[in-house]
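Work out the full structure, taking the sequences as your base and the hints as a guide.
Line order of the protein sequences matches chains A and B. Numbering of the first sequence is given in the working numbering, commencing with residue 1 and proceeding in unit increments. Numbering of the second sequence is given in the working numbering, commencing with residue 1 and proceeding in unit increments.
Be careful, since some hints might not be right.
Residues on chain B that point at chain A, a partial pick, calculated with CB under 8 Å [unchecked claim]:
hint, residue
1, MET1
2, ARG15
3, MET16
4, TYR18
5, GLY44
6, GLN54
7, ASN55
8, ALA87
9, TRP104
10, MET105
These are calculated hints, taken from the structure and not from any lab test. Glycine residues also receive a C-beta, built at the ideal position from the N, C-alpha and C atoms.
So you can see what is in the structure, the chains are spelled out below.
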Amino acid sequence: MPTISEANKMQIRQPMDIMVTLQVGGDVSLTYSGYSDAKVADGRLDEPNKKMMPLTDLQGDGYPLNGSCKLYRPGYHPTSEEKWGERSNIGEPCSITITASESIGYVSAWVSGCESVTFSGNDYPVVNGTANIYVEDTTATFTFNPLYEDRRIEVSLLASGAYFIFNNDQIISCVVSLRSDLSLINPTLPESEIELQIYQDEDISERLASIPDETLITYSAGYSDEMSPIRNFYLSEKITWADNVMTIHAVDAVHKLDIQLPTASLLTDGSSDTGEATEESLLVFIRACLLYAGISIGIMPDYEDGASNSSLVFNRISLREAIAKATAWGRFGDYPTTWINYVDAGIPKLESDYSSAGWHIYEEDCGDVKRDAARKIKEIRMPVSALSFGDGGNYLTTNVGTGTWIYGSGAFLDFDDDVFAWSVITEQNAGIASVKSDETDYAGACERNALNFLAIKGLMEEGLPMGSMNTFYTQVMPWNSLQLATWNRYIGSSVREDQNLIIIGSKVLKDTHIQSFSTGEDDGEIITLDEAPIEGKLIVQHLNESAQTLYPNIAAQSILNMSNVTGSFKWKGDPRMQPRDSAYLHRVNGVTELITIENITITHEGGGTSAEITYRKGKC
Amino acid sequence: MAWVTPVTNRNATARMTYLDMNRISGNISYLYNYAKDHGYDVQGDDVSQTTWTQNDIISYDFWYSMTGVLGEVREAAGLDKSVNYPATNYYSVNSLERYTLYTWMEITEPPEYGLLQNREGIQLQTESGADIEAGIL
Numbered sequence: 001m002p003t004i005s006e007a008n009k010m011q012i013r014q015p016m017d018i019m020v021t022l023q024v025g026g027d028v029s030l031t032y033s034g035y036s037d038a039k040v041a042d043g044r045l046d047e048p049n050k051k052m053m054p055l056t057d058l059q060g061d062g063y064p065l066n067g068s069c070k071l072y073r074p075g076y077h078p079t080s081e082e083k084w085g086e087r088s089n090i091g092e093p094c095s096i097t098i099t100a101s102e103s104i105g106y107v108s109a110w111v112s113g114c115e116s117v118t119f120s121g122n123d124y125p126v127v128n129g130t131a132n133i134y135v136e137d138t139t140a141t142f143t144f145n146p147l148y149e150d151r152r153i154e155v156s157l158l159a160s161g162a163y164f165i166f167n168n169d170q171i172i173s174c175v176v177s178l179r180s181d182l183s184l185i186n187p188t189l190p191e192s193e194i195e196l197q198i199y200q201d202e203d204i205s206e207r208l209a210s211i212p213d214e215t216l217i218t219y220s221a222g223y224s225d226e227m228s229p230i231r232n233f234y235l236s237e238k239i240t241w242a243d244n245v246m247t248i249h250a251v252d253a254v255h256k257l258d259i260q261l262p263t264a265s266l267l268t269d270g271s272s273d274t275g276e277a278t279e280e281s282l283l284v285f286i287r288a289c290l291l292y293a294g295i296s297i298g299i300m301p302d303y304e305d306g307a308s309n310s311s312l313v314f315n316r317i318s319l320r321e322a323i324a325k326a327t328a329w330g331r332f333g334d335y336p337t338t339w340i341n342y343v344d345a346g347i348p349k350l351e352s353d354y355s356s357a358g359w360h361i362y363e364e365d366c367g368d369v370k371r372d373a374a375r376k377i378k379e380i381r382m383p384v385s386a387l388s389f390g391d392g393g394n395y396l397t398t399n400v401g402t403g404t405w406i407y408g409s410g411a412f413l414d415f416d417d418d419v420f421a422w423s424v425i426t427e428q429n430a431g432i433a434s435v436k437s438d439e440t441d442y443a444g445a446c447e448r449n450a451l452n453f454l455a456i457k458g459l460m461e462e463g464l465p466m467g468s469m470n471t472f473y474t475q476v477m478p479w480n481s482l483q484l485a486t487w488n489r490y491i492g493s494s495v496r497e498d499q500n501l502i503i504i505g506s507k508v509l510k511d512t513h514i515q516s517f518s519t520g521e522d523d524g525e526i527i528t529l530d531e532a533p534i535e536g537k538l539i540v541q542h543l544n545e546s547a548q549t550l551y552p553n554i555a556a557q558s559i560l561n562m563s564n565v566t567g568s569f570k571w572k573g574d575p576r577m578q579p580r581d582s583a584y585l586h587r588v589n590g591v592t593e594l595i596t597i598e599n600i601t602i603t604h605e606g607g608g609t610s611a612e613i614t615y616r617k618g619k620c
Numbered sequence: 001m002a003w004v005t006p007v008t009n010r011n012a013t014a015r016m017t018y019l020d021m022n023r024i025s026g027n028i029s030y031l032y033n034y035a036k037d038h039g040y041d042v043q044g045d046d047v048s049q050t051t052w053t054q055n056d057i058i059s060y061d062f063w064y065s066m067t068g069v070l071g072e073v074r075e076a077a078g079l080d081k082s083v084n085y086p087a088t089n090y091y092s093v094n095s096l097e098r099y100t101l102y103t104w105m106e107i108t109e110p111p112e113y114g115l116l117q118n119r120e121g122i123q124l125q126t127e128s129g130a131d132i133e134a135g136i137l
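Have a look at this one:
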């Protein structure tokens with residue numbers, strides 16, 4: 001079998017193998033209570049992400065002396081990425097007993113060298129290395145039956161849930177759309193998706209009906225000697241079934257980012273250099289966003305460390321929007337060495353350098369290469385919002401909201417607008433809570449978020465604008481002993497009627513002005529960007545020094561440095577490619593262009609593989 | 001246990017079988033017992049397993065125990081003791097078998113010719129890399 005790279009050099013390539021998995025259920029906690037007739041067992045049968053460690057095993061014709069196998073060491077667990085699983089004596093069956101505190105339901109076994117699995121007197125065939133068995137009881141013993149006389153059975157997984165593996169025999173068509181956004185103008189973090197049509201002999205339509213959204217679908221393609229990395233997608237629509245063909249639609253984990261930051265965030269990093277500080281803070285921030293959404297990127301990319309006193313401020317923005325903007329900040333000019341990229345496409349990946357994958361694509365192997373050139377840009381005009389504060393002193397007079405004070409429950413506030421300094425008073429002018437510009441909450445009734453106040457403090461010292469202020473106060477002040485004392489003092493201990501409240505304060509004033517960035521191309525186009533919501537600004541500053549707005553200001557500078565040439569072509573396709581990878585496009589005229597891949601649509605159909613690729617010229 | 005000519009010319013496509021393990025462990029055991037019988041002050045115990053089947057998996061503890069036995073024999077013979085080559089790649093296993101051969105040549109009286117080539121016909125060399133000439137041993 002060739003590798004993908006070897007096959008890519010062939011005029012006519014062998015059809016690729018496609019491997020798609022679908023995991024259903026899997027929410028029952030299993031206990032592995034017995035291993036019978038095992039040569040090796042390490043109890044890691046519920047960990048699908050760990051690979052089976054190749055051992056110095058003398059079964060069959062022995063083990064390869066190419067450094068891939070490891071000596072078996074009882075008492076020492078394999079690495080965190082590997083396991084031994086359960087391995088039988090050669091040519092002999094082995095058994096595993098599991099128990100659960102509830103009905104077990106579906107159990108999936110991943111095996112090699114195994115012909116079938118016996119449970120409760122029934123034999124379940126192993127298909128594509130997997131057997132799915134339904135267990136109604138809370139305990140079950142499975143016997144694994146050998147396929148070969150001179151080899152052992154290897155059980156790598158026995159876990160809750162059904163695990164279907166589909167390959168070329170069943171997959172009618174598979175279209176994988178891998179996407180990024182190289183536009184930088186109003187950037188988005190687009191979703192990637194997979195669309196599958198799969199033939200299934202066995203009627204599993206009833207099982208499909210119970211498969212929920214977010215069910216994991218994995219995809220890999222290539223050749224047996226080299227399959228591409230596994231991409232993870234999540235079911236986004238109900239699986240349909242007609243004439244033994246199921247249609248599956250799933251998207252990558254980007255959709256999990258459609259939630260807001262839990263609070264305003266201020267990140268203080270350890271760098272004395274703005275560029276380094278920004279890189280580090282943005283990387284840490286993006287990872288924090290991803291972890292909050294339940295997306296793991298594994299190892300952080302390298303970044304420059306620094307000394308002290310720099311901060312990043314984010315506020316009331318969706319995780320998806322925050323990450324899109326964080327990857328759109330300056331890549332040229334002041335920060336030419338920093339290049340933050342985040343793409344998912346089934347493999348969440350955070351990079352701190354321009355991708356150097358360096359694929360080589362020859363135009364003669366492609367269909368027509370279509371090129372498009374946007375008009376040159378003469379100037380980018382960008383409406384920039386800034387905030388300023390009204391009177392923040394001790395003489396607040398403007399009504400900025402109302403509320404109700406309920407005996408025994410607390411005060412419930414309704415702010416009319418974004419405000420900064422404020423006081424809550426009764427209609428009798430009795431003060432019950434206040435937050436002033438000097439951060440004094442002298443009534444002590446209002447819970448404050450320390451992180452928010454850090455942000456306010458940093459911003460106020462420099463007078464920096466940032467997002468709306470109404471994330472900096474609470475709208476409910478719960479009843480406590482202090483509220484009781486205040487009520488009794490100002491309203492009277494015998495009074496129980498609700499009290500109307502008035503909020504007086506200082507409004508946050510918004511001002512918008514046009515900021516322009518020019519290229520000097522007189523014949524170019526003037527682009528006016530949409531007004532960026534102030535919540536979407538990304539600001540970096542050294543505390544007590546001036547700040548820089550990464551987005552949209554510095555991102556606009558990046559736009560001016562990007563090529564306006566885009567293109568698309570059809571190619572035989574490589575499932576290892578990732579959006580934002582760099583590639584060399586060798587034109588038929590002898591010119592080689594560095595391009596950055598934006599979108600890749602890989603289609604496996606009719607035994608062949610092809611790809612539609614869109615790109616932007618140069619580094620993006 | 002009889003001495004079996006070692007295999008020292010594996011390449012990257014080689015595989016380790018139970019027959020290889022029978023030979024390697026048997027030869028080391030042979031050297032241990034030969035040395036003991038001929039007055040060498042060999043420390044420690046003999047190799048714990050010299051019969052292998054397809055059903056065996058080589059353990060870390062066994063492999064380094066076995067190479068340790070060879071090291072003890074070599075030390076008793078005044079040779080470098082460090083022969084703890086891993087079992088996972090062809091050149092290390094070649095080296096280990098080569099050292100069993102060197103040790104065998106050092107402590108026994110091999111025939112003048114006939115075993116000066118390994119079974120693949122490759123000229124044997126001394127531990128320092130010089131060709132072994134018939135009759136000089």
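Taking the hints in turn, this is what the structure says about them:
About 19 Å separates the beta-carbon of MET1/B from the nearest beta-carbon of chain A, more than 8 Å, and the hint is not met. Using the Cβ-Cβ criterion of 8 Å, the hint placing ARG15/B at the interface with chain A is satisfied: the shortest such distance is roughly 4 Å. Proximity of MET16/B to chain A holds as hinted, the smallest CB-CB distance being about 5 Å (cut-off 8 Å). Among the interface hints, the one on TYR18/B holds; its C-beta lies about 4 Å from the nearest C-beta in chain A, closer than the 8 Å criterion.
Nearest Cβ of chain A to the Cβ of GLY44/B: about 20 Å, over the 8 Å cut. The hint is violated. The restraint placing GLN54/B at the interface with chain A holds, with a minimum CB-CB distance near 5 Å, inside the 8 Å limit. Because the beta carbon of ASN55/B sits about 5 Å from the nearest beta carbon in chain A, less than 8 Å, this interface hint is met. Evaluation of the ALA87/B hint against chain A yields a held restraint, the C-beta minimum of about 5 Å falling below 8 Å.
Nearest Cβ of chain A to the Cβ of TRP104/B: about 22 Å, over the 8 Å cut. The hint is violated. The interface hint given for MET105/B is broken, as the beta carbon of that residue sits about 24 Å from the closest beta carbon of chain A, more than 8 Å.
Violated hints, in rising order: 1, 5, 9, 10; the structure is consistent with all others.
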